[in-house]
Amino acid sequence: MTTISYPNLDDCIQTTVLENGLHIYCIPRRSGAKTFAMLAVNFGSVDCRFTLDGTTYDVTPGIAHFLEHKMFEEEDGNALQKFTALGAQPNAFTSHTMTAYHVTCTDRFYDCLEILLHFVTTPYFTEQNVAKEKGIIGQEIGMLDDTPNWQAYVGVLKGLYAVHPVRISVAGSKESIASIDPGVLHVCHRAFYSPANLALIVCGQYEFDRVVEMAERMTPKQSARIASREYGTEPEQAAIPYLERHMAVSRPIFMLGCKDVVAEQPYVQQLVGELAADCVCGKSSPLYDRLYSEGWIDRTFDADYFTFPDGACAIFSGESCDAQAVRTALEAEMHRIAHGGLEDAVFARIKKAIYGKYIRRTNDPAEVCRMQAEACFSGASCFDFAEAIQSITKEDVVRRIGQWSMDGRTSLVVIVPQKEDA
Amino acid sequence: MHNTTRVLLKDGVGLTCVTTKQSKTSCLSAMFVLPLGAEGRSKSALLPYVLRSSSRAYPGRQVVAAQLDNLYGARLEPVVRKRGEAQLIGFVADVIDERFAMPGQGSLFAETAQLLSALLLDPGSFEEQTVSCEAEQLCARIASLPNDKRSWAVRRMYQHMCAQEAYSAVELGDVDAVRTISPGALEAHYRSVIQTAPLQLFYCGSLSAEDVAQQLRQVMQARPELKAPVFPQYAAPRAPQHTGLRLVTEEEPVAQGKLAIGLRTGITAFDDEYPAMILVNACFGGTTSSRLFRTVREQMSLCYYAASQTDKLKGVMAVSSGIETASEPRARAEILHQLAEMQDGVTVDEVEAARRSVTASLQAMKDSPLALENFYQTQAAAGLTETLDELITRIQMVTVDDVTRAARNVVPDTVYFLKGAGA
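These protein sequence lines are chains G and R, in that order.
For the first sequence, position 212 (counting from the first letter as 1) is numbered 211 according to numbering that gives the first Met the number 0, and the numbering increases by one without interruption.
For the second sequence, position 94 (counting from the first letter as 1) is numbered 93 according to numbering that gives the first Met the number 0, and the numbering increases by one without interruption.
Same shape as in the complex, but just chain G (with noise of 0.2 Å):
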């Protein structure tokens, strides 16, 4: 076991790996009530080309998210209801980048963590539970369908990559998984199911030997080689510069997006991005305040950044009855500040305010977890971000927003209401 203390910032993680590959990382909180688990799995949506064994497998980006419905079913019933016997409460999500699997629980934590290891790594598909499940996760798209701000998401992404999957939905669409059956899913999880390409992740009460001997006992014994996954050659361009679409909504909603270059150490550029969409258009920013004193934009707005592998951009969203006048503010905005008008006053305080955001993070247990598996997966660790956020400079922050800010790098999709008669 390897203990990293954090002093200044009141936490420790314990980690270890075991000898199939299986980290685990596990951060103590001695008086909390809870104590949460999470099983990460390094496979996304847009690991969706990849090669196994000498073949190469194109599958619909949805199987991610159809994998981790039906990993719950198991021979003998659903692991879901055997939690909830337990008093726990799991649940699980699908990302672009992975895949997890959780429970919180106030007691009983050893059971929760026997039925969490062994549920993952034990497929039981047939076609009967692979038929309904077609049922279910039909109306969760359907209801990601007629949600605004996730198609305004997918959209934005859509607009901005020509190539990389992740243009695509994380469920996928319902014709999309019409075509899944039992074979493709034991496909993915023989190439990312592996414990090399899982993470152990305890926040909460726990005593680590206990955890190592339980993961030891519940994984298999030895990987089997994780596939090697594509994402294809993406243009520095965006692909389409605006879209939209026509929704039930009351007023229009927008997303730009900004299409920014490959980032070399994910962790810290995903920092910097926050930091620097904040200095373009954060709640404490000059353009925020104009462009709220004209009602262009009201609190509904965010400024966000997401990395990705083989991307990264970042994201302007919000409610604006003219988005058209809200992008061509924001692009002017970058374009100022790409060009030396960011005031040293504004980025020290939107620095210390990023930090401040980042310990909030980490007072949730399940919010470390995610950060965590986040951060483990390229090659970080969850509290490195006071060290990071703290030698960041506004050079690092202006190279940002200079690249958002060159000609054809952004896309615009907006929700636009649907009329009456349509």
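No lab work stands behind these hints, which were simulated from the structure alone.
C-beta: ideal position from N, C-alpha, C; glycine also.
You may find that some hints are simply not true.
To be clear about the criterion: a stretch of chain R counts as covered by chain G if any three or more of its residues have a C-beta under 8 Å from a C-beta of chain G, and this derived list gives those stretches [unchecked claim]:
#1 22-32
#2 63-70
#3 300-311
Using the hints provided, position chain R relative to the given structure of chain G.
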């Protein structure tokens, strides 16, 4: 460690204080409690948004935002909530704990409390531009409520079900009323609110209750003495106001239909049967081992979600599910069938699973200052003094028969279906 203390700071100003050593953040909130059915509802809803930009000491949005950055990205958000038939308006703030600040920063809690008090109790005159800008923003928020179809269907259902009750009112106000609010009228309304509405404060963090009470007593000095205080009433009719099940269908251009079934439980947090009703809800549709999840989703494959939720101050319950339009009759029949079965008697296993699940969720709230804020401010608004631990203890005492008996109180009232008209 987790200590809960209730303090009356002065007449009409209550404080709930949760001291916990482990938290990395602290949370502070201040809420005025108003009757939801009152005439000034739209003005009340606008108030926190206007107050946030009208402080004498921190004039304007950007000055406030810069101060929050200096407090390490502290948040201080205007809040408008509906709790039973009460409207809560005020601010919720959270800030990182002192031990993570750089040396020489000063007290983060003291500065946050001071900022909150400056916004809430010491405004300059309301400017025309601020009022009209915030009124437009509020109207946009009201207009965008239908964007989230899941919560919209439940809201529409309650509007039909409780059409004759204050509960049907929109806590954010009505667009027509919000548009016509003048700065003068809003100032007059503000003066009346601070003189008549009880103010509830909440703190969760590492400071002791004595310390917090002393500091807050000082910063809240600007609060005038209460004159003729007005308290919300909480009415919870035990039976539908009509005979037979009411059916309402509305259409929107959406892909997926939303079914919302409203039921009267008649049991609120004021009642002895309340813990049993919590378990009824958990067995029925509150967890992934509930009847609705297991049948409507897992066995019948009709939906992604089918869940139930109660309002603890109103004695009502809503079941909601997203389904294909064609599945509505089957889903509705199954939901009502599951309720009828529960009324014939629940099983020991399902009650025990529900009890474990509810207890765990309540325990887990202790790790989240914002979850505690929500719980205790709702308690305070209703005048309830029960702590989280006391509620957990009461839930341990509920018997299987108690749950069946409580289930028999549940009466379906209104079935609302938001039908997808093809998108």
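**Study point:** Enumerated hints in conflict with the structure, sorted upward
**Key:** Violated hints: none at all, because every hint is consistent with the structure.
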